Structure formats: structure tokens, C-alpha cells
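Sequential numbering from 1 applies to the sequence shown in the UniProt record's numbering.
Hints listed in this document are in silico derivations from the structure and should not be mistaken for laboratory results. Quick caveat, the model's predicted, so the values are computed rather than measured. Treat the hints with care, since some could be wrong.
Label pairs and their in silico Cβ distance ranges [unchecked claim]:
id	residue 1	residue 2	range
1	TYR103	THR380	40 to 50 Å
2	ASP368	GLU126	52 to 62 Å
3	MET319	LYS158	36 to 46 Å
4	THR434	MET319	24 to 34 Å
5	MET1	ASP149	49 to 59 Å
6	THR380	GLU120	50 to 60 Å
7	MET319	GLU75	43 to 53 Å
Note that CB positions come from ideal geometry on N, CA and C, so glycine has one too.
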Amino acid sequence: MRKSGILMHISSLPSEFGIGKLGDSAYMFANFLRDCGVQVWQILPLSPTSYGDSPYQSFSVHAGNPYFIDFQRLEKQGYLAPPDYEDIVWGEDPRRVDYARIYNYCFHVLRTAFSRFRKEDKAYLEFCEAQKYWLPDYALFMALKDAHDGKPWYQWEKPLAMREPKALEKAKETYAEQISFYTVLQFWFYQQWGQLKAYCNQNGISIVGDIPIYVAYDSVDVWVNPELFLLDKTRTPIDVAGCPPDVFSPTGQLWGNPLYDWKYHQKTGFAWWIQRLKSASTLYNTVRIDHFRGFESFYAIPYGKKTAEVGEWRKGPGMALFQAVKEALGDLSIIAEDLGFVTPEVRKLLEDSGYPGMKVLQFAFDDDPKSTYLPQNYTTTNCVAYTGTHDNMTLRGWIHGSPAKTIAFAKRYLHCRSANDLPAAILRLTWSSTANLAVAQMQDFLDAGPEGRMNTPSTTGGNWQYRTLTSDFNPRLAKRIYQLNELFNRLPEESLQKPVSKKRQKAAAKAAAKAAAGTKPMEKKEKKS
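Make a model of the complete structure from these sequences and hints.
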């Protein structure tokens, strides 16, 4: 079935609190998507952000971002009152997230709500029991970070950094209240997210979530499971992740994430990855896996190098991982981010997995009619066509920042006299393609310029800040997107476009919250090497 989607992260939703929340504006956007005939809402990772504010560098693969917890919903539950938050200035520009202010004030408000929370709440206790395979470690990790002024775990005193049992037990006693605080925040996040996801699903909208292949060095995942990564005896990375030099980046990309010890993962039957994908599949309807090519082979850079110029390619787990996932979890709905340096071996892995890959139209106009990104050269409908991703410039910005040769080819290909006509033409081309799913950033439908760019890879500062206004989502735009879906046969079945009754919405929200609370951990199994 042909579908369409819009890519916009929760942080970009309209909000009076400086950043998008899981409140009324999120439900408003879901209604907007339904009115557009759009069936997919794609978001970025929901994880807590750390230094640099990137959702791809998080403290945990399981936790949700407390910034997204909606104050007004907590108010309805009796945990907050308007005076607790209404006089706070969350930022000066309604189009940008001011992360410094969010960090300073958001947790202050949430601590006020926490002071009124009853920890004997039945739903809360059930949630804690269901999430015990990760939640206690995460809450302790965050409490210890606070106690160490935000320093990474590998700079803590050795007994805590190396997780000596006596040091951990003492920390649990010393920071019990702070541990409870971070635990309650996750309960509220999962509760609100479960309700929103249920509302979307009942209105015919599925959620495409995103997980990065690697985890941050300063994360609870590395702190608790050092054996899963290529670390030395002091738990310092031996090699780190990145990409080799190319025409776009002469010194390559140095990401700095610790690499996986794939031999160890294979011995455990890939238990950690299975649990990670199980959790992600509870949060989302479909999971996009970032840097899919890293499962075929990955680039290893010696730790301590300043650039990615020195490194080597090493073999990844390949199909062994995805076969183990299928045996444990069945057929999951997964999208493979297969961009970048793609070899025949990577294409073979994608084909063997059966996952749809990605076709980014901004990459199609390099003056080569044989480009695999041009719709005429798609070899399968089992793919996702994008105008651009969160790492791309907006279409309007792209026409002003691309080489003249690229724009000339695009104009010739799309039969446009003016470059100003290209953004609308590329949207139509994406929707007209044979790809089962066509996706555009919300910024492209809003015709945003460079100010709408979400992220510029390999840069710091100014990223992940884009926000929308309520006035952006007007009936005129909804009609335009609906007509695009209608023209290119991407409308949902009529029954799915009908508004869902409030009774069904509440029932679905309750069921989703219960399901989120009931996520069970995978049992670890050891295979003989």
C-alpha cells in the first residue's frame, strides 16, 4: 500500500514551554496529519539528550527525554499548578529551542511536580517492575552524574566508575531521593508517550522512530555493560566509530562512539540487541536503524586520534544479527538507513534482510541519469523516498547552496525554468515515485529556508533547534498535502480518515500505557564459543 509521511521531531512541535511536548500540540499535529491523508509520522530518537543536544548521543538507549513531559498534563493529575511554570521565560525566539534555558528551568518544574507525587501509585509500581532490566541502573547513573556536576562516568572515582558493589550500594542509599526523581520522570514520559502513540494509531497514523547504531561513551549502557564494547582494562575505548575521508569531508568524520565487541554479542545470541529492538518496537510502530552499513562492516579509528584519516574497515555481524532478531521477535517493521559509502556487500545485506532502504532525492541530481536516487532507477517498491533527512538542508535552502551544475541538472530533469520552482517539483517527484513510502521534512512543506535546517553533520552549535508555530498547520496547507496524496495514490483507506471517538481514544490510550508498562526484558542466553 502506498503511503506518505512527514518527518518532524517532538522537539519541533509548537509549545509555550520552549520545546515541543507530549501535550495538546502533539495531538493537534496528529489531527493535522490525519486531515492531510498522511499515514506516517517520523521522529528522531526519543532518548535524553546530552552534550551538544543531539538525540543521537544519549545517556541511555531505553530512557525517554524528560524535556518532552507535558506540564499541563501533570497539572491535570494534580502535580503542578500554573504558578509553577507560567512566569518562566523559556526562550526569545519561538522558532528556536534555547537548550540552556530548557535545562535550567525544565528540571526545576519537574522537581516541583515530583514533590507532590505519590510513590505508592499502582501504575507507577507496575511500570518500575516491568522496566527493572534498565530503569534502576539509569536512575542511579543520572543521580551520580548530578552528584559529580555532570562529569562523564569515566571521570568518577574508581570504585563507582568500575561499579564496585560496595560503592554502588552506598550510592543507592546516599542518592535515594534523586534516584526516585529520575525513575518518576521515566514513568511520566512513558505514560504520556503511550497515550500519544495510541491516539495516532487509532487515527490511522503509525510512528516511525529512530535508533542510532552506536551509543555514547558517556552512557549508562557502556557503564553497566562494558563487556559489550571494545574497551581496555581501564574501560577506555580501544577504537572508536566514524567514517573515512571522502570528497565531502577531507579528514573524515570522527564520531567517537565506542565500538561493539561483536564476538561477545554473538556468544550471547545478540541478547542486548534483541532487547534493544524489542523496546524500540514497543515505543514505535516502525524502527529506522541509523548507519545500517555498519552491520556489514564498520570503520574503526584508534582512540585518541583527532581526525578519521587513520582507520580501517572491519567486518560486522551481518545477517547473523538479524536472523537472531527474527527468531526472537518475529518480523519487525524496520527501515534501514543505507546512505553513505554503500558497497555490493551492503546491498546484499539489505536484500537478504528484506528491509526497505532509503532514497534521498537531494542526492539524485549529480548530473548522472543512472543515479540510484532518481525514481526512474528504483529497482524495487520496497524503499522509502525522502526529499531530505534531518541531516539535509531544506529544499529551499538546497537550491541556494548547491553547485550550479547540480541545480542546472535538476531544472532540466524536472522541466523547471526557475530554481525557485524546484522545491515544489521535488516534493511532487518524491510523491510520484514508485516507493511504497514517501516522506518529507515538515520544513519542506512549510517552504523553510536555511533557518529550517535541523542538523549540519560534523558541526556543533545551532543544531536540533528548529521549531514550528501553531499557525503553520493551517487548513490551506492540509488541503495542499491531501491533494498531493490523492493525486499520487497515497491516501489511506477511507475508514482510517474518519475521526476516532473520544471513547475509543481513551480506551486505546489506556491500552497503550498498559502495554508500555508491561514491556518485559529478554532473558539472556549464553552460547558456547
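Here is what the structure says about each hint:
no.: 1; hint: TYR103 / THR380: 40 to 50 Å; verdict: holds, 44 Å
no.: 2; hint: ASP368 / GLU126: 52 to 62 Å; verdict: holds, 56 Å
no.: 3; hint: MET319 / LYS158: 36 to 46 Å; verdict: holds, 40 Å
no.: 4; hint: THR434 / MET319: 24 to 34 Å; verdict: holds, 26 Å
no.: 5; hint: MET1 / ASP149: 49 to 59 Å; verdict: holds, 52 Å
no.: 6; hint: THR380 / GLU120: 50 to 60 Å; verdict: holds, 54 Å
no.: 7; hint: MET319 / GLU75: 43 to 53 Å; verdict: holds, 50 Å
Of the numbered hints listed earlier, not one is contradicted by the structure.
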